[in-house]
Amino acid sequence: MNLGFRLFPISASTLSWKVDLLTFCLFGLCLIVLIGVAVAMLYSIVYFRVGSKAVRHKLGPQKYTLEITWSLIPLFLFLGLFVWGSWVYYQMHEVPSNASDIYVVGKQWMWKFEHPNGVRELNELHVPVGEPIRLVMTSQDVIHSIFVPEFRMKQDVLPGRYTYTWFQATRPGVYHLFCTQYCGLDHAKMSGKVVVLSKEDYEQWLSTGLDHATLRGADKVSRGRELYQTVGCIACHGENSPVRAPRLTSLYGSAVQLRNGETVTVDENYLHEKLIKPYAKDVGLGDKEYEAIMPSFAHLSEEDLMSLVAYLKAGAPGSDKGP
Amino acid sequence: MEKNYLNDGVTLKSWLLTTDHKRIAILYLISITLFFFVGGAAATIIRLHLMNPAGTLVETDTYNKLFTIHGVVMVWFFLIPSIPAVLGNFLIPIMIGARDMALPKINLASWYIYIIGGVFTLCAVLWGGVDTGWTFYTPYSSMFSNSSVILTAMGVFITGFSSILTGLNIIVTVHKLRAPGMTWFKLPLFIWSNYSTAIILVLATPVLAATLMLLALERVFKIGIFDPALGGDPLLFQHLFWFYSHPAVYIMILPGMGVISEVVSCYSRKPVYGYKFVAFSSLAIAIIGFFVWGHHMFVSGQSMYAGFVFSFLSFIVAVPSAIKVFNWTATLHGGRISLSTPMLYALCFVGLFAIGGFTGLFLAVIAVDVHVHDTYFVIAHFHYIMVGGMVSAYLGGIHHWWPKITGRMYPEGWGKFAAISLFFGFNLTFFPQFILGYLGMPRRYHSYPAEFQVLNVMSTLGASILAVGYLLPIGYLLWSLKYGEKAPSNPWRASGLEWETTSPPPKHNFDKTPIVIYEP
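Keeping their order, the protein sequence lines are chains R and X. Counting in the numbering used here, the first sequence runs from 24 upward without gaps. Counting in the numbering used here, the second sequence runs from 3 upward without gaps.
Derived from the structure by calculation, the hints contain no laboratory data. Small disclaimer: the values here were computed from a predicted structure and weren't measured. Treat each hint with caution, since some may be false.
To give a feel for the contact side, a few chain R residues facing chain X, derived at Cβ under 10 angstroms [unchecked claim]:
{"no.": "1", "residue": "L30"}
{"no.": "2", "residue": "F31"}
{"no.": "3", "residue": "Y70"}
{"no.": "4", "residue": "P182"}
{"no.": "5", "residue": "I299"}
Here are the simulated EDC-like cross-link-like pairs (lysine to aspartate or glutamate), alpha carbons at most 16 angstroms apart as the crow flies [what the hints assert, rightly or not]:
{"no.": "6", "chain 1": "R", "residue 1": "K212", "chain 2": "X", "residue 2": "E61"}
{"no.": "7", "chain 1": "R", "residue 1": "K300", "chain 2": "X", "residue 2": "D235"}
{"no.": "8", "chain 1": "X", "residue 1": "K278", "chain 2": "R", "residue 2": "E90"}
Where a beta carbon is used, it is the ideal one built from N, C-alpha and C, also for glycine.
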């Protein structure tokens, strides 16, 4: 995947040119100020060199107006870039609602990707062009960071919680995939490639083009449903369970009240934390008091935890998909 | 022969048990120079290694240990003590007309603490090294690394106390020992910048000590503080670490700005333009510097709104630095400028610091930071500040005050040659790294994709020129100790109390306490 010598990276996502435009404007503004200072300095160095007969007008004591002018004008120009940069960052942060999820688990020293339909990849990610993709990421050990320079996209991947980022590729091609948070011995080997395919090629890849690094398992929600049975969630949370435990149907997105009186909205991070640390955010008030009998599921792999979360997330009332 | 601080007592004991601030400064000068070459040797191997994209010169593990030791040694054992503990120690009492620092024994103690910390860290290197990076990010450092993390962290922890004591000493000295008539606004700007630095040393270093202690608790006793598997929070470490380490960046540049103010003023034959703005901008940097730590964490998973606030504050902290650069430029106007060696270093500083500062604004714009964070862009940026800025200022200061410190003149021609090689070597080393970073080459990579090779080779070639710029001064400055011309009291016709006493100064600096009536 030698992309050849170049001085500027390929731009391959909907956000990349926005970052580049910012960079160019910053570069231009900085260059103007830098050249201004350099010319003023060089002029003085030559014109007022020792022994030159230049007339030396006194600048006099410091002039507050001068000091304030040369401080505030650049400040306001650059604050414009602050607002603009924050606006682009906001767009990096806000995932389009039609984005499809890809699950990412980082571990020393590999990237594991899982598509919603169950196709799994190692250190390689195939995606269709023109479609927004959200990455739901966690780490099994230390902090990693996913970086695709051609997309101008980077996000740290933390153990014990989910972080997110998204992109929409704009041109087919093979791009770099790096880990940018130092993660131990083979940090530099924790890299791979992102393959952006046209829609037809992507469909074909999904059906036939799976190479040795790629495995197809059950889709994420079905796998979650299976785990829901096998690890025993259903024994307490199931419809006819004799144990008094909260029903989990249509839990995702709802507001639950914690024992300390706070209210939180159930999201992926909440479900993940609940599975590994059941009492960190303990639920129940008054008559909704539950006995503290839920065990931790921290022994499950991050992939399995993600499947359970995906299953709980899919659970709509009366839906055959959900719990 | 006239008695001065150098020949008043020649035994080893008279040096190792001295409480004379000038001798302690010399002790620091020798020790930080040794550490500079330890860190520099690591950098040399790193640069040679990176000439080949496959990374065949040293093993992965060795490479990881090399960049860690380069960072640890350069930050804590060279840059932080460089100007405050060497030039500051030597000059602060003389510049304010005092006979010594306010707490001379504490001053000596802080050198011993520094050495003990250094020995711990060097032991860690011999013991097999440490591979966490100088940032010690958890949970890698606390739970996963199989290297001498505790020993290294102990070294840094101990050395922190040396920083605190030096800072305390500077603050007390400036408050209490100013000569009659030396009011606050007659203080040289070098004093203002070191005073501001001292405030950061005293306020920020304890946070580092606490953070390293927590890291050790988790690593040794498995108490869950940072590792989520034990119930901790990995981002907590980053908040604590950068709450120290961002102000520490200003510990590493403010004293350099003080040197530049003195040097630019001396070789333009003019007082610094806008004295009060330059003086207060040092304090402003010291204070605002405490509120920008989150800009190291834009992609760490901290809240988006925290990102906005830290981005905004990072723009604000750039203002006082810009004020300094503009005032130095104005100082040159209408002066009588001679391009002697210290002035060349000062101009080197202004140019490289300006580039470092501007690229800092790239990093403060969040959306751009997302792309270049943890790439060579960041490496280039902070080397422009720390090496291009601080090391140039340090070398400029060493040359400027060399006649005062040693009583000998250095060879001017060699000095200029070294300063110019530093400027060109530095730019050739680090400018390609901005491009590498924007292209996407991540930092701390033992091997890298082949298309980045050309720029890496350029960088390594530049580093060899840079090495000449660093090795030459060692040679001719040592040479000048024996063969250099004898220095008069004020060879540069500079202003400032340090030039009123002999070169080198007598043991107690002044025969009679000076009375100050002029502004600087």
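Results of checking the hints against the structure:
1. L30: 6 angstroms, holds
2. F31: 7 angstroms, holds
3. Y70: 9 angstroms, holds
4. P182: 5 angstroms, holds
5. I299: R:I299 check passes; min Cβ-Cβ to chain X is 8 angstroms, inside 10 angstroms.
6. R:K212 - X:E61: 13 angstroms, holds
7. R:K300 - X:D235: Distance ~13 angstroms between R:K300 and X:D235 Cα, so the pair holds.
8. X:K278 - R:E90: 11 angstroms, holds
In terms of the numbered hints stated before, the structure departs from none.
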